[in-house]
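Participant: Each chain is listed here by its residues.
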Amino acid sequence: MTTMAQALNAALRDAMDGDERVVVFGEDVGALGGVFRVTDGLTAKFGEDRCFDTPLAEAGIVGFAVGMAMGGFRPVVEMQFDAFAYPAFEQIASHVAKTRNRTRGQVELPLVIRVPYAGGIGGVEHHCDSSESYYAHTPGLKVVTPASVEDAYSLLREAIDDPDPVVFLEPKKLYWSKSEVALPVRTEPFGRAAIRRPGADATLVAYGPAVPVAVEAARAAAEEGWDLEVVDLRTLVPFDDATVVASVRRTGRCVVVSEAAGFAGVGAEIAARVQERCFHSLEAPVLRVTGFDIPYPPPMLEHHHLPNVDRVLDALDRLQRDDVPDTRHLGGAA
Amino acid sequence: MDRSGAEALLPSAEPVRFLTDSGAAVRGRQRYAPPEPEVLRRAYRDMVVGRRFDAQATALTKQGRLAVYPSSHGQEACQVGAVLALDEGDWLFPTYRESMALVTRGIEPTEVLALLRGSAHCGYDPYRHHVAPQCTPLATQTVHAAGLAYAERRKGGDRVVLAFVGDGATSEGDFHEALNFAAVFKAPVVFLVQNNRYAISVPLERQTAAPSLAYKGVGYGVRSEQVDGNDPVAVLAVLAAAAEHARAGHGPFLVEAHTYRLESHTNADDASRYRSDAEAEQWRRRDPIARLEAYLRRRGHLSDEDIAAAARRAEEFAALVRERMNADPELAPMGLFEHVYGTPTPQLDEQRELLRTELEAEEALS
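In the order they appear, the protein sequences are chains A and B.
Converting from the first sequence to the working numbering requires adding 809 to each position, the first position being numbered 1.
Converting from the second sequence to the working numbering requires adding 78 to each position, the first position being numbered 1.
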């Protein structure tokens, strides 16, 4: 059995084996192998020049990667946790995302910023943020988040090979998820969503840490007679409109499941896109099941915040199967 | 680090000077080797041309040909010295105030001014000139400079990288992270702080309580120096030594050049609101061009004909800049979608079609 963390480690190892320009650096990625062990053994195998610890400074790490990428390397840097990547945000938004555009294609930045993200692991404050919207909202970045062991390997290899900068969001709670896959494995490329479960009655659109929740909810719904389709987006940028739209046009109903706060999030974007493209196929409003619009809660309270199977099933009940309008959100308009 | 090690990193107690304010040679032993007369003659010519270019760009801005122009009038010794102290293959990481330096490097002037004209974010090919895009966010490019310098060293080359920053940018975190990374990884970077005493309106006293900005190097283990930034001989001498230090594998070098921006921050700024004419007048008396001219003439390295030739060259260059900048730039709206990603996303393809339809409708109406 291979865990997601092991698959990511193997992807880094194979990429470094295949291309001397690939270098890995960040905080504690050397001797320790990263706090989640994703870089385990890389320094021992490839030496200090290929996988190295840096000063503890995220803007410095990302800015240094920009310079190394300009100089012909393919850096893969690790931000230790989601919220610790914020010091690097100016580098990411103003330079990583924009250098190709600024130089009209003359300077490419093939670099990967790995970010362990999202919650569900009992992490204390600043260790559980769902920060994908910040990146997905910034043109020039590709934003990737695997939900399976196979995708973890394949998408990371593709991210390292990509000529564009990739923010690679690793759902922390899935690091220890397992698969019997034999590595190396290749799955669909960037920009293709995957149907994790085919179904006819409604579409659940999810990504990253919310995918297992959606799959579990579909299983539970099946017992109630609902046949749900689950779409795993895999890459937020580029976004696979085609797969999502085809699914919703077929099922006529859609619930977006996302762990992040809902307001102005990726889930809102998905709901808007589905509504714009599937309006005449929809039998009910597109609903979202997301985290609350609150700062990520303390560990002992996080289960109240995280979208779970019950909340997804509750949303399904509001999809107007019996053509009874849901009045719950009409209070403010009355 | 022992005490002598730390002291070896410290800058001179006073800025290094080779010339007095009037251009006479400073007496006494110097810590740095003076530049060759031929380099100084070139520096003189490039400063005269650079100042004329700067005045021309300011004039074009008043005529509406540039969106904005941050002048470096008064900072000619730094702008030209930084370029001449390096080899052609060495990299520069400029800010938006380095137009004069980029012209000195040999980049075509409309390419230098594209950012400020508003026709493109970067008008030149960074790899062709070994010049990074002009950086607008403060100090962020210094970390790139450290990364690129480290990459060059890893590839086995002996290229040096020079990063420009101003006094205000030394307060930004990225400046400190860049010094630290460059030192830890022994990256061959010369950090040139042009301390022109104001960050737009905020005076140096509000940026730092340090004895001089050059003291910011020692905490990172970076060899540092301060220099009279209006003394072209000293600027060239110190920067050449700094580049040599980096090239020899000794790691980064921080240089603070004390200078003064004689114009406002940009054409949109009004310097009279935060500083006095008397202060600017004091700095006018330390004019780097006049000082070098007096010095070279006294030594017999510069003739009346040389001075006239430099002035002619400056006028010719200004005429060329006027001519090229008065022609409208070619704009390609459809190109807006081309370089967001290596391959456009399906969504960008859709948006490109929307713009194409709009442009065709406009065309049909005109």
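It is worth saying that the hints were derived from the structure and are not from the lab.
Heads up, some of the hints might be wrong.
Unchecked claim - Chain B side only, calculated, beta carbon under 10 Å to chain A, not exhaustive:
1) G196
2) H199
3) A229
4) E230
5) E255
6) A396
7) A397
Backbone N, C-alpha and C define an ideal beta-carbon position, used for all residues, glycine too.
Participant: Take the hints in turn and mark each one as holding or not.
Facilitator: Hint-by-hint comparison with the structure:
| no. | hint | result |
| --- | --- | --- |
| 1 | G196 | 14 Å, violated |
| 2 | H199 | 4 Å, holds |
| 3 | A229 | 3 Å, holds |
| 4 | E230 | 6 Å, holds |
| 5 | E255 | 3 Å, holds |
| 6 | A396 | 28 Å, violated |
| 7 | A397 | 28 Å, violated |
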